[in-house]
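> Protein sequence lines, in the order shown, are assigned to chains A, B and C. Residues 8 to 146, numbered by the working numbering, are exactly what the first sequence covers, in order. Residues 8 to 146, numbered by the working numbering, are exactly what the second sequence covers, in order. Residues 8 to 146, numbered by the working numbering, are exactly what the third sequence covers, in order.
If you're looking for bench data, these hints aren't it; they were derived computationally from the structure. Computed from a predicted structure; not experimentally measured. Please note: incorrect hints may appear among the correct ones.
What the hints assert, rightly or not - Restraint-style ranges between C-beta atoms, simulated for each label pair: (1) C:GLU32 to A:ASP65: 19 to 29 angstroms; (2) A:ASP81 to B:MET75: 24 to 34 angstroms; (3) C:ASP81 to B:TRP34: 37 to 47 angstroms; (4) C:GLU138 to A:ASP65: 40 to 50 angstroms; (5) C:ARG116 to B:ARG36: 33 to 43 angstroms; (6) A:ARG116 to C:ARG18: 22 to 32 angstroms; (7) A:LEU117 to B:ASP81: 31 to 41 angstroms; (8) C:VAL62 to A:LEU113: 34 to 44 angstroms.
Here a beta-carbon is modelled for each residue, glycine too, at the ideal position from N, C-alpha and C.
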Amino acid sequence: MRQYQHRLTARADKRGLLEITSEVEGWTRGQSVESGLLTLFIRHTSASLLIQENVSPDVLHDLERFLMRLVPEDEALYRHVEEGPDDMPAHIKGALTQTHLNVPILDGRLALGRYQGVFLFEHRRVPRDREVLLHLVGA
Amino acid sequence: MRQYQHRLTARADKRGLLEITSEVEGWTRGQSVESGLLTLFIRHTSASLLIQENVSPDVLHDLERFLMRLVPEDEALYRHVEEGPDDMPAHIKGALTQTHLNVPILDGRLALGRYQGVFLFEHRRVPRDREVLLHLVGA
Amino acid sequence: MRQYQHRLTARADKRGLLEITSEVEGWTRGQSVESGLLTLFIRHTSASLLIQENVSPDVLHDLERFLMRLVPEDEALYRHVEEGPDDMPAHIKGALTQTHLNVPILDGRLALGRYQGVFLFEHRRVPRDREVLLHLVGA
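Pulled out of the complex, with its shape left as it was, chain A reads as follows (with noise of 0.2 angstroms):
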């Protein structure tokens, strides 16, 4: 078995989901492992990582609205507010989605389900770089 380490960096256009499934099957595939195990980290507490439905939109959309209504930008339910009125809901939502995530990898392949993709959740209302890590075991 061997292991193979990424640094990725991935910024979204806006506030919300951003697909980097086709940037982490790249890296994968060219380490030609057949049989393992992906991780991704991201180094951000204002941004997190999610798998989640890839084929409608809609869902995207649905989901962030979901959280924008179960995490208010209101300044009066926070004393952390002196990064802005998104800061301290980006930390929640990071909180009640992912900092890492697991995928195998069986036949040299990500093992994602047919409708499973991964996703970058930018969380602050001014996008930035995002650094997410990648290290694959396998052989």
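With the hints as your guide, set chains B and C onto chain A.
Relative to the frame of chain A, chains B and C by itself:
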């Protein structure tokens, strides 16, 4: 160190939590790994995985009811309604719980806590077969 | 590649988030792994794990308050009340956060982002010893 992979299929009787600890333990024990790490990955976006208390059925009931209140099946809240009123809530509940789990292996056994079980969480009204991939690495 | 395992015990002073980054880093550094992947697993269902901003105590306070509002300690909402009004909410908060975490190891160090810390999240009113298993694989 070696790795092992397996494909498990499970189907809940109804919406909610189905314990799959014994199926997962059975396969894991068969690989004769003394120390290692087990990963479970579900290949769906309207069902998810969870480690939860496995003693009281009331805990499972209350958790499911909490999520039903948190993510209402009210079509007025969503754009994505063409697959039924329970589909978009299922994607959201999936996003709030887990697509994958890790459990360490110690002394040849899943190192779950005394009251922890591994569950498939079915979010659709009509359950279907769900595919869970198992990846085990260890020695 | 080799693997290492460790059992960490931590106890919060009160309900809420307790940073355990230095304990986790200390053990990890002692294994002299240059590149790899660390997994943390908590053996409980009324406490959980989280990676969160570790600069502002207000962030931790706001996150805890958000979850207290989201998951009220109101016995009328739950069937499972025999272990106290904070027990079922603790299981729900555990389900909405993490039972396990992964952090890559780069250049011999935990590859946490600049503002990321590893936290034990105690959800019970009376904190208790919590057991966290560490699994490290790498070279």
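> For every hint, state whether the structure bears it out.
Status of each hint after checking the structure:
no.: 1; hint: C:GLU32 to A:ASP65: 19 to 29 angstroms; in the structure: violated, 43 angstroms
no.: 2; hint: A:ASP81 to B:MET75: 24 to 34 angstroms; in the structure: holds, 25 angstroms
no.: 3; hint: C:ASP81 to B:TRP34: 37 to 47 angstroms; in the structure: holds, 41 angstroms
no.: 4; hint: C:GLU138 to A:ASP65: 40 to 50 angstroms; in the structure: holds, 43 angstroms
no.: 5; hint: C:ARG116 to B:ARG36: 33 to 43 angstroms; in the structure: holds, 35 angstroms
no.: 6; hint: A:ARG116 to C:ARG18: 22 to 32 angstroms; in the structure: violated, 44 angstroms
no.: 7; hint: A:LEU117 to B:ASP81: 31 to 41 angstroms; in the structure: holds, 34 angstroms
no.: 8; hint: C:VAL62 to A:LEU113: 34 to 44 angstroms; in the structure: holds, 40 angstroms
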